[in-house]
Amino acid sequence: MVAPMSVMKRVTLIFRSKANKALDKMEDPRETLDYSYQTQLELLQKVRRGVADVATSRKRVELQINQLQQSSNKLDRQARDALAAGREDLAREALQRKSGVQSQIVDLTTQYQSLQGEEEKLTGASQRLQAKVDAFRTKKETIKATYTAAEAQTRINEAFTGISEEMGDVGMAIQRAEDKTEQMKARAGAIDELMASGALDDVVSGPRDDIQAELDRVGATNGVDAELARMKTELAQGSAPKQIEPGTAAAGPAVAEPVIESQPAGATQSADQPPAGDGQ
Amino acid sequence: MIVRILGEGQLRVDDSAAGELNELDAKVEAAVDVGDEAGFAAALENLRSRVRAIGTPLAPDALHPSELILPQEGATMDDVRRLLAGDGLIPG
Numbered sequence: 001m002v003a004p005m006s007v008m009k010r011v012t013l014i015f016r017s018k019a020n021k022a023l024d025k026m027e028d029p030r031e032t033l034d035y036s037y038q039t040q041l042e043l044l045q046k047v048r049r050g051v052a053d054v055a056t057s058r059k060r061v062e063l064q065i066n067q068l069q070q071s072s073n074k075l076d077r078q079a080r081d082a083l084a085a086g087r088e089d090l091a092r093e094a095l096q097r098k099s100g101v102q103s104q105i106v107d108l109t110t111q112y113q114s115l116q117g118e119e120e121k122l123t124g125a126s127q128r129l130q131a132k133v134d135a136f137r138t139k140k141e142t143i144k145a146t147y148t149a150a151e152a153q154t155r156i157n158e159a160f161t162g163i164s165e166e167m168g169d170v171g172m173a174i175q176r177a178e179d180k181t182e183q184m185k186a187r188a189g190a191i192d193e194l195m196a197s198g199a200l201d202d203v204v205s206g207p208r209d210d211i212q213a214e215l216d217r218v219g220a221t222n223g224v225d226a227e228l229a230r231m232k233t234e235l236a237q238g239s240a241p242k243q244i245e246p247g248t249a250a251a252g253p254a255v256a257e258p259v260i261e262s263q264p265a266g267a268t269q270s271a272d273q274p275p276a277g278d279g280q
Numbered sequence: 001m002i003v004r005i006l007g008e009g010q011l012r013v014d015d016s017a018a019g020e021l022n023e024l025d026a027k028v029e030a031a032v033d034v035g036d037e038a039g040f041a042a043a044l045e046n047l048r049s050r051v052r053a054i055g056t057p058l059a060p061d062a063l064h065p066s067e068l069i070l071p072q073e074g075a076t077m078d079d080v081r082r083l084l085a086g087d088g089l090i091p092g
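First to last, the sequence lines map onto chains A and S. Heads up, the first sequence stops at 280 in our numbering, and the numbers go up one at a time, no gaps. Heads up, the second sequence stops at 92 in our numbering, and the numbers go up one at a time, no gaps.
Isolated chain A, as found in the complex:
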């Protein structure tokens, strides 16, 4: 009896029959219009909350990506420090961990883009629904005021089916976004927890600790060696201050010499002049 019908046509009929069922429940067309408008406003609220929720989730992933990027940068710096200190083993370890962090970043970035796409779709759906809800409000007032009951019923059916289709569409978009957001929240929460518990330290911050400890040790050793070398130099120059002082003293007069020379010259002149003046 049932003619073969394409999946798409059956999908279309499902939407249609949902709307018809809702319409059939209402006896009074005005009741249909007002009730429907209320439902539309509620859905619109829900869609807006959905958009905000996806945005929050996206920002959280963004934050985690930034944290992981910092870890990656730090490991990179450590690898360089280790190489500079001649510790290739440490550098290798740091780079291995960096690659672990990098793969987490790549993974999260994919999720991030997917959430961004979901956010854009929902924003678009929210705007379309808003436009339709506004149009429906205008139309329902016109229908109420102008038409006879029979005419009103036909126009109500069309407007109602049109908006209920949009609501079905948006409702599913919201559902998809919620599912995806829930998954992301669970994942983000898991990463946060792992970071807090230190279990992810092997990939994220822990390596910093042992690699940094080793680097610090190497750095401290180098520091001590440098300090020792400086002290040795100073000690070797133990008699130097005596040598330096005469040197400095010699340098001082050398610079001051012209002054000293000019002073005596001036002194000689002034000494000469007063006598001359005195003499005059």
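Just to be clear, a hint being listed does not mean it is correct.
As the list claims (entries may be wrong) - Going by beta-carbon spacing under 7 Å, a handful of chain S positions derived as facing chain A: (1) Asp25; (2) Val32; (3) Pro60; (4) Asp61; (5) Pro65; (6) Leu68; (7) Val80; (8) Leu84.
To be verified - Residues of chain S clear of chain A, computed beta-carbon distances all greater than 12 Å: (9) Asp14; (10) Asp15; (11) Ala38; (12) Arg52.
What the hints assert, rightly or not - DEER-style ranges, computed between Cβ atoms: (13) A:Ala150 / S:Asp61: 23 to 31 Å; (14) S:Asp15 / A:Thr154: 20 to 28 Å; (15) A:Glu141 / S:Thr56: 22 to 30 Å; (16) S:Ala42 / A:Ala213: 52 to 60 Å.
By construction, these hints were calculated from the structure, which means they are not laboratory data. None of the values given here were measured: they were computed from a predicted structure. Ideal placement from N, C-alpha and C gives every residue a C-beta, glycine not left out.
Let chain A serve as the given structure and place chain S on it in line with the hints.
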């Protein structure tokens, strides 16, 4: 006729394209019959891109029912099965 692509909105397509769209629709159906998920995704994408290519988007405030509703991008056969079961649809 008016076609809705779920998640994207409605487009008006000239009635003369009905034959062509029906052919593409039949390919989607054929893939469903043999449970060919990849074929289903490809056939559906063909149908959607054809509608996008020849259709004119309806104004967002237009209140018309659609004659054909196409599942969203990335929809699987399972998604469509759920659609047909009526789950996830907000009653108007």
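Range hint 23 to 31 Å (beta carbons of alanine 150 of chain A and aspartate 61 of chain S) holds or violated: Given range 23 to 31 Å: holds, Cβ gap about 26 Å.
Evaluation of the interface hint that places valine 32 of chain S against chain A, nearest CB under 7 Å: 6 Å, holds
Arginine 52 of chain S non-interfacial with respect to chain A [C-beta, more than 12 Å]: 15 Å, holds
Satisfaction of the hinted span 20 to 28 Å by the C-beta atoms belonging to aspartate 15 of chain S and threonine 154 of chain A: 22 Å, holds
Non-interface claim for aspartate 14 of chain S versus chain A (Cβ beyond 12 Å): Given a closest Cβ separation of 18 Å, the condition holds.
Hint validity - aspartate 61 of chain S Cβ closer than 7 Å to any chain A Cβ: 4 Å, holds
Restraint satisfaction for leucine 68 of chain S [CB to CB of chain A, less than 7 Å]: Hint on leucine 68 of chain S: holds, closest Cβ of chain A at ~6 Å, below 7 Å.
Aspartate 15 of chain S non-interfacial with respect to chain A [C-beta, more than 12 Å]: 16 Å, holds
Proline 65 of chain S as an interface hint toward chain A, with CB separation required under 7 Å: Constraint on proline 65 of chain S satisfied, holds at 4 Å.
Per-residue hint verdict: leucine 84 of chain S, partner chain A, C-beta under 7 Å: 6 Å, holds
Restraint outcome when valine 80 of chain S is required to lie within 7 Å of chain A by C-beta distance: Status holds, d = 6 Å.
Status of the given 52 to 60 Å range, CB of alanine 213 of chain A versus CB of alanine 42 of chain S: With a Cβ separation near 55 Å, alanine 42 of chain S and alanine 213 of chain A satisfy 52 to 60 Å, so the hint holds.
The earlier numbered hints are all upheld by this structure, with none contradicted.
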